[in-house]
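In terms of the numbering used here, the sequence shown opens at residue 1 and continues consecutively.
Misleading hints may appear alongside valid ones.
Restraint ranges, calculated between C-beta atoms of paired labels, are given here [claimed, not checked]:
id, residue 1, residue 2, range
1, Thr273, Thr136, 30 to 40 Å
2, Ser75, Pro122, 41 to 51 Å
3, Met178, Gln224, 19 to 29 Å
4, Asp161, Ile71, 30 to 40 Å
5, Asn198, Gly99, 28 to 38 Å
6, Gln26, Gly51, 14 to 24 Å
7, Gly212, Thr136, 19 to 29 Å
Below, a list of computed lysine-lysine pairs in the DSS-like style, where the Cα atoms sit at most 30 Å apart [claimed, not checked]:
id, residue 1, residue 2
8, Lys141, Lys101
9, Lys101, Lys139
10, Lys152, Lys139
11, Lys141, Lys152
12, Lys22, Lys101
13, Lys152, Lys22
Calculated from the structure, these hints are not laboratory results. Glycine residues also receive a C-beta, built at the ideal position from the N, C-alpha and C atoms.
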Amino acid sequence: MKKLIYLFLLLSFQSNAQPGWKWVQQFGDVISSSSQGTPELTFDMGTDQWGNVYVAGRVTEQYMRDSMGNILFDSTTFLQKKYNYGGLDLWVAKYAPDGTKLWHKFAGGGGNDEFFDMTIDPDGNCYIIGSLNNHTLNKPKDFNGNTLTNDKMYEFVAKIDANGNQVWHQPFVGDTIMNYYVRFASVLTNVYIDRQDNIHCSFFGGSDFVLGPIRLFGQDTIAQGIHEAIFDQGGNYLGYNSFPFDGSNNLSYIPRAADIKLDKKGNYYLTTTFSQDTIITSSDTLTHVGFN
1 MKKLIYLFLL LSFQSNAQPG WKWVQQFGDV ISSSSQGTPE LTFDMGTDQW
51 GNVYVAGRVT EQYMRDSMGN ILFDSTTFLQ KKYNYGGLDL WVAKYAPDGT
101 KLWHKFAGGG GNDEFFDMTI DPDGNCYIIG SLNNHTLNKP KDFNGNTLTN
151 DKMYEFVAKI DANGNQVWHQ PFVGDTIMNY YVRFASVLTN VYIDRQDNIH
201 CSFFGGSDFV LGPIRLFGQD TIAQGIHEAI FDQGGNYLGY NSFPFDGSNN
251 LSYIPRAADI KLDKKGNYYL TTTFSQDTII TSSDTLTHVG FN
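Given the sequences, and given the hints that come with them, work out the whole structure.
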């Protein structure tokens, strides 16, 4: 069974006019049975200084079709031709203030890939974090359609310019242990830009590994916890910051950050959830009161 599952709405109000819908846009396709139960979703939206709108999320398989809407088949493999890369892919699109779609891009492979967060700068550059997962038959591709090697897969941050071109794709690089590359396992949560235009990507993870510590970018050994990796505008890794949660005795006592922001004075603001009775933050102890 196939059905149309994806619809998103965008609205614009003028302050001195009668509120109402100015335009509506739809994006999506029919889905195959392999993707049932994994709906297409929008996760983030932002605008630039000219009022263009950027929307990002995940989409399922989209098929190439003829003028009558029939799905096209490859003459050599006899398989359905896909417009994107299969499974659940990351998707980002740009719309003009009047609702005209200016461009859209996909990243992903044959499996299900993850979108985590996006931020937009005033000039319309998009910074996206996600995870592009390995697939034996259909390796993941970045937003420029380049097939990724093993050391470029999984968690990443990418910059896409205002014209929809990927400027760079930076994976969270791991380390070489006993002559084998080992990925740095982390869970990315959010991305933002500071006043120096550096890109901050917050994550939960650490260097613990049975055969020895996995250094982030082959440089930094990090204890399990909440951290943020920092990159410059060229996608180069500058270093990391750590937040003072003590999980030395039990990792479950480290909360999972939902969002992190930095103000103009250098103060960090962090929202998080935890289900334990208490968590230790530096010299302070937070007590859980109420519902989990």
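Cβ distance range 14 to 24 Å for Gln26 and Gly51, holds or violated: Given about 21 Å between the Cβ atoms, the range holds.
Pair hint outcome, Lys141 versus Lys101 [Cα-Cα no greater than 30 Å]: The hint holds at about 23 Å.
Holds or violated: Lys22 to Lys101, with C-alpha atoms at most 30 Å apart: Cα-Cα ~15 Å, so holds.
Cβ distance range 19 to 29 Å for Gly212 and Thr136, holds or violated: 28 Å, holds
Range hint compliance [Cβ, Thr273 to Thr136, 30 to 40 Å]: Holds, at about 35 Å.
Hint consistency between Lys152 and Lys22 [alpha-carbon to alpha-carbon, up to 30 Å]: Violated. Lys152 to Lys22 sits at ~41 Å, over the 30 Å cutoff.
Given hint Lys152 paired with Lys141 - CA-CA distance at most 30 Å: Holds, at roughly 10 Å.
Asn198 paired with Gly99, Cβ distance criterion 28 to 38 Å: Between Asn198 and Gly99, where Cβ atoms are some 33 Å apart, the hint holds.
Hint check for Ile71 and Asp161 - Cβ pair distance inside 30 to 40 Å: 32 Å, holds
Assessment of proposed distance window 41 to 51 Å (beta carbons of Ser75, Pro122): Distance hint for Ser75, Pro122 holds at roughly 47 Å.
Restraint status (C-alpha distance of Lys101 to Lys139 at most 30 Å): 28 Å, holds
30 Å limit on alpha-carbon distance, applied to hinted pair Lys152 and Lys139: 11 Å, holds
Hint check: a violation occurs at hint 13 only; the rest are consistent with the structure.
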